[in-house]
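K.L.:
Protein chains in written order, with this note's numbering: chain X, 1 to 408; chain Y, 1 to 408; chain P, 1 to 408; chain U, 1 to 408.
One or more of the hints may lead you astray.
The following label-pair restraints were derived from C-beta to C-beta distances [to be verified]: (1) GLU66/U to ILE175/Y: 54 to 60 Å; (2) LYS397/P to ASP199/U: 51 to 57 Å; (3) GLU190/P to GLU222/U: 47 to 53 Å; (4) GLU218/P to PRO164/U: 46 to 52 Å.
The calculated lysine to aspartate or glutamate pairs, modelled on EDC-like cross-linking and capped at a C-alpha distance of 16 Å, are [to be verified]: (5) LYS341/U to GLU208/P; (6) LYS353/X to ASP191/Y; (7) LYS321/X to GLU329/P; (8) LYS120/Y to GLU185/Y; (9) LYS284/X to GLU222/X; (10) LYS242/Y to GLU83/Y.
Here are some chain X residues pointing at chain U (derived, C-beta under 10 Å) [what the hints assert, rightly or not]: (11) GLU156; (12) ALA158; (13) LYS159; (14) ASN161; (15) LYS293; (16) LYS382.
Calculated directly from the structure, the hints in this document are not laboratory data.
Even glycine gets a Cβ: it sits at the ideal position worked out from N, Cα and C.
There are 4 protein chains.
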Amino acid sequence: MSKEKVVLAYSGGLDTSVEIAWLKNQGYDVIACCIDVGEEKDLVEVQKKAKQVGAVGSIVIDAQQEFAEEFCLTALQAHAYYEGEYPLISALSRPLIAQKLVEVAKEYGAIAIAHGCTGKGNDQVRFETAIHALAPTIKIEDPIRDQHMSREMEIEYAKENNIPIPIKKESPYSIDENLWGRANECGILEDPWAAAPADAYERTLPLEEAPDQPDYLEITFEKGIPVALEGEQYPLHELIKKVNQLAGKHGIGRIDHVENRLIGIKSREIYEAPGAEVLLTAHKDLEDLTTTKDLAHFKPLIEQEIANTIYNGLWFTPLFKSLQAFLKESQKEVNGIVRVKLFKGNAICEGRKSANSLYDLNLATYTDADSFDQEAAAGFIKLYSLPSVVHSQVAQKNAAKKVDNLES
Amino acid sequence: MSKEKVVLAYSGGLDTSVEIAWLKNQGYDVIACCIDVGEEKDLVEVQKKAKQVGAVGSIVIDAQQEFAEEFCLTALQAHAYYEGEYPLISALSRPLIAQKLVEVAKEYGAIAIAHGCTGKGNDQVRFETAIHALAPTIKIEDPIRDQHMSREMEIEYAKENNIPIPIKKESPYSIDENLWGRANECGILEDPWAAAPADAYERTLPLEEAPDQPDYLEITFEKGIPVALEGEQYPLHELIKKVNQLAGKHGIGRIDHVENRLIGIKSREIYEAPGAEVLLTAHKDLEDLTTTKDLAHFKPLIEQEIANTIYNGLWFTPLFKSLQAFLKESQKEVNGIVRVKLFKGNAICEGRKSANSLYDLNLATYTDADSFDQEAAAGFIKLYSLPSVVHSQVAQKNAAKKVDNLES
Amino acid sequence: MSKEKVVLAYSGGLDTSVEIAWLKNQGYDVIACCIDVGEEKDLVEVQKKAKQVGAVGSIVIDAQQEFAEEFCLTALQAHAYYEGEYPLISALSRPLIAQKLVEVAKEYGAIAIAHGCTGKGNDQVRFETAIHALAPTIKIEDPIRDQHMSREMEIEYAKENNIPIPIKKESPYSIDENLWGRANECGILEDPWAAAPADAYERTLPLEEAPDQPDYLEITFEKGIPVALEGEQYPLHELIKKVNQLAGKHGIGRIDHVENRLIGIKSREIYEAPGAEVLLTAHKDLEDLTTTKDLAHFKPLIEQEIANTIYNGLWFTPLFKSLQAFLKESQKEVNGIVRVKLFKGNAICEGRKSANSLYDLNLATYTDADSFDQEAAAGFIKLYSLPSVVHSQVAQKNAAKKVDNLES
Amino acid sequence: MSKEKVVLAYSGGLDTSVEIAWLKNQGYDVIACCIDVGEEKDLVEVQKKAKQVGAVGSIVIDAQQEFAEEFCLTALQAHAYYEGEYPLISALSRPLIAQKLVEVAKEYGAIAIAHGCTGKGNDQVRFETAIHALAPTIKIEDPIRDQHMSREMEIEYAKENNIPIPIKKESPYSIDENLWGRANECGILEDPWAAAPADAYERTLPLEEAPDQPDYLEITFEKGIPVALEGEQYPLHELIKKVNQLAGKHGIGRIDHVENRLIGIKSREIYEAPGAEVLLTAHKDLEDLTTTKDLAHFKPLIEQEIANTIYNGLWFTPLFKSLQAFLKESQKEVNGIVRVKLFKGNAICEGRKSANSLYDLNLATYTDADSFDQEAAAGFIKLYSLPSVVHSQVAQKNAAKKVDNLES
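Take these sequences, add in the hints, and give me the full structure.
P.N.:
Right under this line is the structure:
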């Protein structure tokens with residue numbers, strides 16, 4: 001009789017290798033699945049290893065283009081910074097990974113999906129909520145959390161099950177990375193008064209080592225999508241990689257953030273998002289030029305909700321679809337070019353131009369300082385300040401009455 | 001018979017000197033009034049000049065401490081950036097200046113207040129709305145706008161009225177500055193594609209000239225108020241000046257912003273706010289450590305409204321008082337020290353500590369990775385994702401029905 | 001030589017009849033244009049009268065269906081009440097009327113559009129902003145406001161130009177009405193302490209005269225659109241009329257509102273919106289059943305912005321398009337039937353059902369009070385209250401320290 | 001050796017009587033505590049019964065005045081309706097009850113607090129979060145949830161422990177009530193398509209039995225607090241009771257709501273809040289008259305957050321304190337009298353007056369339709385519509401370019 005199948009989100013590390021053994025010991029056929037969202041790891045090796053440690057199937061999916069065009073783009077256009085600081089690196093990849101796992105599970109008739117998140121983080125919530133939303137009846141396995149596996153127990157379990165244990169000293173950090181950036185927690189970083197050590201960073205040079213000459217980059221946007229660098233067109237995932245490299249060289253995009261996790265605690269995180277930082281800055285700058293004031297002033301409410309919704313793992317919800325509909329409509333006139341200076345950790349928008357610029361010297365209405373405008377201003381101020389005048393008159397009348405009452 | 005009096009907001013420049021003459025020619029006794037909010041000008045000279053060109057009285061008021069403790073502090077605690085970028089420099093001083101003008105007008109029995117704003121800017125609206133709110137029946141004179149005085153007309157009028165005309169070539173820029181920063185518009189800046197030239201800046205060194213060694217600054221906050229630098233206490237206006245100098249040396253706080261003016265047009269502005277940038281960054285960082293998640297997530301709505309309300313000249317309104325009440329209450333636990341690295345245009349919060357830290361390794365609830373927590377997480381996720389599960393089940397049931405209907 | 005043409009928004013009343021004469025005297029050929037949005041007036045008479053008083057052309061456009069399907073529907077789905085009370089009657093028709101005027105102007109090559117709004121109301125702003133948005137260079141004429149025409153001047157001008165003056169005593173009220181409701185201001189209503197007199201209302205019976213037997217109405221919605229009454233399908237504009245009649249008979253939908261006008265003053269308005277009230281109540285009730293919590297909790301921000309944007313005459317803006325995109329997406333699952341009891345001024349939703357109901361007794365997850373759920377609740381509460389626990393522990397530790405310091 | 005003490009929130013019903021026995025059997029000395037927030041029960045009987053079934057102490061606390069002045073008043077001034085419909089009846093009393101339990105626990109040196117909430121409701125979360133916030137280390141006991149006690153088990157347990165079992169047939173409903181209203185769930189109400197039966201209501205007459213003559217009620221507010229009815233002053237809790245009676249007689253305040261519970265499910269609830277409905281309507285009406293537009297337009301964001309925060313059991317949090325600070329400041333000018341007509345389920349504000357009225361016929365600025373105003377309007381519209389004009393011109397220019405490109 002054939003066994004039930006489980007699809008496991010596999011990374012190649014000790015945690016998920018042990019999970020293969022554990023799931024197998026529970027009676028499952030394990031299909032390991034590694035989704036490439038731009039970690040820049042050797043995924044051929046990862047794919048091989050899954051088989052070696054007992055998976056019946058091992059799949060690698062290149063999801064970089066989809067990740068860029070659907071997920072990173074939403075974050076970019078929404079200026080999505082969680083708590084004003086974190087550009088949603090891991091949070092952004094979780095729904096896509098969950099979606100791929102569900103697709104594989106359906107294709108192979110698996111009855112369960114497994115992941116290796118701990119019980120103190122956000123990702124367990126994001127994975128499970130996304131999987132539930134796409135496949136409400138599928139079983140979810142998380143032995144690391146549910147079996148309370150400590151590091152020591154994992155090593156023991158690995159030995160018993162012939163899983164190779166990494167020889168070299170483990171990094172003190174817990175890393176997650178993708179096209180949009182790199183996240184780092186644990187170790188010395190747990191003391192928020194301590195500065196992050198040099199080796200906490202990988203994608204960005206320290207400012208002290210950044211070049212003494214700036215680079216200038218012209219980024220072309222069409223409908224809010226970055227489509228070209230220096231006039232040359234790239235698919236979005238390639239474009240992001242190029243900007244990552246250039247901006248990383250200039251030490252741009254380091255973030256040190258004490259943040260509120262979804263599950264009720266504060267944590268201290270180190271992020272690197274060089275490309276994201278440059279693209280987010282440039283996109284906002286172009287919106288400043290092309291977006292009407294009322295839209296520009298309302299959009300931040302949508303942006304904050306998008307950032308929270310992504311952070312909270314609620315990508316596949318009717319709310320998020322509605323927010324995205326707003327966002328997409330808001331981008332129709334975000335066309336043009338921004339010139340960014342990259343230098344010593346700074347991404348400086350020095351110039352911007354657009355056929356949709358609402359700042360236009362040639363529009364007579366605001367380039368001539370003519371008498372008519374100035375009369376309009378007087379009328380405008382009269383009505384604009386009318387509520388203040390009325391309020392003030394009533395307040396003074398009431399104050400005067402009180403004085404009369406006291407005196408009489 | 002004595003003449004009616006007018007109080008004029010006097011800067012010492014050509015505009016307001018011509019206004020003294022014009023107001024005098026209308027039959028007023030002019031009381032010139034210069035309010036010091038940290039421009040770092042020679043105000044003794046300004047005071048003298050007003051008399052020379054015809055004012056019957058000339059007053060200088062040092063409002064720096066009040067400006068810092070009431071106005072800059074509100075902007076700091078509210079993380080008040082207009083459109084996410086402009087830290088409200090000029091907008092911040094206008095209500096205080098209006099308040100002082102009204103106080104002087106009441107003291108001297110003046111029937112009017114005069115200012116020298118043009119008809120295309122925000123400041124005319126801010127001044128007049130603030131004056132109306134404080135003195136709803138006082139007359140407001142703005143000859144520059146209402147007489148449509150061009151530069152040439154002003155020079156002509158100055159000659160006729162024995163007002164000295166500045167000999168040296170005028171700056172191409174229109175500058176306004178105070179403790180919180182420096183604003184610059186006009187000239188070459190009107191082309192948003194052109195980079196701002198070097199001479200547009202004055203308070204900050206260019207990054208290329210910034211020192212190759214960082215400075216580190218420990219800033220102490222009590223109830224959200226910065227009270228000490230490197231452990232040494234300063235009155236707030238002195239503290240801001242100190243940070244301005246240090247941060248300016250490192251090229252921190254340059255802003256290049258295409259913004260939506262209150263009166264319906266977009267303009268391009270260059271700002272420098274070195275001290276503000278450092279203090280704003282540090283204050284947010286300390287809030288990240290000390291503020292509960294729900295407050296931290298709601299406060300940005302208050303912050304955006306405060307920024308807009310200040311920008312729009314509505315300081316003296318019941319709405320603003322209510323917003324300030326929220327803000328003040330929110331600061332009670334924002335105590336602690338932030339260590340900032342100042343380097344090459346960057347203000348980097350490297351460490352933060354507080355007796356009110358909600359990130360606390362000693363709290364057993366989140367330093368032990370115990371089984372209990374992890375079970376709690378599973379329960380949490382179950383209820384947290386329940387709406388997604390139910391929604392998904394209903395959607396799938398409906399999709400199945402549709403297929404049935406099509407097939408039958 | 002042919003004359004320049006102007007298109008006039010014509011109502012048949014004295015104001016706009018006088019305008020025909022005035023515009024003619026300015027040298028225009030006047031094309032009168034009456035847009036039917038459901039006022040239930042004799043528009044054949046209005047069309048004839050325009051010619052009689054001097055228009056070269058007179059056009060009546062039946063825009064009821066478009067008004068219902070585009071404008072009323074947006075207001076319905078957005079639960080659009082200005083200031084929580086006014087369901088946007090006049091504000092809703094203005095953009096459609098402006099759009100039709102612009103279309104006629106383009107068709108006939110007119111260089112100007114004229115309307116007859118006073119200088120104290122909202123409608124002048126709404127008309128002109130909408131016309132500017134659709135035809136930024138067309139000239140706008142508003143002689144009533146710009147010539148400061150008083151009632152007496154209008155009568156004088158009418159006599160001189162052979163315009164018939166209404167014989168019967170004028171109503172003391174200023175009325176505007178359409179499919180969505182009826183607005184009434186002026187006269188005795190200007191005293192906000194005085195109750196509105198009986199003759200201020202026309203579409204609704206007084207509660208005292210409403211029937212002693214309720215009516216019950218089952219309203220079917222598809223994607224948030226009311227499509228059937230008692231199971232019988234109607235085009236939306238017919239459906240609204242039917243509900244207006246039935247609800248009006250039961251005295252439903254009277255509104256007495258002191259509101260903040262766009263131009264800075266408060267006014268007191270009497271509205272009747274019987275059909276709107278019933279449909280808005282039923283639509284919200286169905287959303288309660290079919291919409292996920294997170295969407296239901298965020299949508300009010302969108303709703304308030306939609307209401308303000310419509311009230312403020314900003315229908316034809318990029319912001320409004322983005323808000324509508326959100327709204328449309330949010331309606332996809334608002335399918336089902338609501339049973340409303342209409343009785344003595346009350347529209348009471350007594351029952352609701354839907355294939356998209358997220359309240360479903362058959363979903364095991366929340367119909368069984370099983371042990372699993374209850375354990376989940378304990379875990380949920382543990383993490384949910386964790387921030388409160390941590391905050392409280394820190395606060396108590398600090399309080400204890402203060403006591404120690406005082407005692408030592 | 002003395003036993004550890006537990007304080008139990010005691011209602012006199014079977015659930016909490018069984019809990020006394022269970023807690024006793026765990027080795028606790030039980031102190032029963034009944035907090036009167038206006039249920040109108042015989043609390044002397046309840047107090048006696050606790051002793052009879054085994055409590056070592058039994059306390060009744062009259063908290064009605066505190067409940068009115070602190071909790072109901074906040075809800076009133078915040079127009080706090082959860083999801084726009086539910087005026088927060090039970091949610092409002094939970095923090096006060098928790099506070100009293102904690103006070104009693106501290107007074108008697110108890111180590112635990114017990115309540116009798118089920119695992120599917122909101123109240124378990126509200127109680128425990130509030131208790132945690134006030135006493136983070138105290139133990140919480142909830143045997144009903146944690147021992148999975150079904151009705152049958154409770155009866156068995158009662159028999160074994162000599163607890164009298166209610167003889168008369170139990171109500172099919174689960175009721176909670178206080179000064180602010182009455183909440184009802186379960187039974188037939190679980191079918192959202194079924195109308196609530198007559199016996200689901202107790203505080204309000206059915207419309208069919210409501211009197212055929214209206215009552216008129218003048219309610220006086222000072223700083224947003226209702227202080228007098230018909231000119232006669234009452235303490236707030238007495239005033240609420242009076243309005244409850246009068247409004248209940250007219251069938252006002254019935255609510256039938258499908259709502260989203262805190263713990264992830266939808267439930268259908270029947271509420272009665274006659275007094276709350278009248279006071280909330282009147283308070284909003286007075287704010288319309290006395291509050292400036294900008295405050296009136298921003299306050300709903302605060303209101304929605306307050307409603308959610310109370311519903312979610314987060315009264316004792318820094319966020320809530322900040323929201324209350326805003327709210328309190330916003331009420332300073334909400335003074336005046338509202339005349340409400342109570343009739344057939346309707347609370348109709350027919351008139352309102354105030355010394356702080358911002359609608360004032362005597363203010364020349366908007367009672368004279370003078371030429372000046374109307375010119376101001378033209379200027380206002382010019383600047384107000386300027387962004388639309390510019391946007392439209394740019395859009396048309398771009399559209400024309402596209403046509404040129406296609407044609408060339």
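K.L.:
Take the hints in turn and mark each one as holding or not.
P.N.:
Results of checking the hints against the structure:
1. GLU66/U to ILE175/Y: 54 to 60 Å: 57 Å, holds
2. LYS397/P to ASP199/U: 51 to 57 Å: Given about 52 Å between the Cβ atoms, the range holds.
3. GLU190/P to GLU222/U: 47 to 53 Å: At roughly 26 Å between Cβ atoms, GLU222/U and GLU190/P fall outside 47 to 53 Å, so the hint is violated.
4. GLU218/P to PRO164/U: 46 to 52 Å: 48 Å, holds
5. LYS341/U to GLU208/P: Between LYS341/U and GLU208/P the Cα gap is close to 12 Å, so the pair holds against 16 Å.
6. LYS353/X to ASP191/Y: 9 Å, holds
7. LYS321/X to GLU329/P: 7 Å, holds
8. LYS120/Y to GLU185/Y: 12 Å, holds
9. LYS284/X to GLU222/X: 14 Å, holds
10. LYS242/Y to GLU83/Y: 27 Å, violated
11. GLU156: Nearest chain U Cβ about 34 Å off; hint violated.
12. ALA158: 37 Å, violated
13. LYS159: With a closest approach of 39 Å, the LYS159/X hint is violated.
14. ASN161: Violated. Min distance 37 Å.
15. LYS293: 6 Å, holds
16. LYS382: 4 Å, holds
The structure does not agree with the numbered hints 3, 10, 11, 12, 13 and 14 stated previously, though it agrees with the rest.
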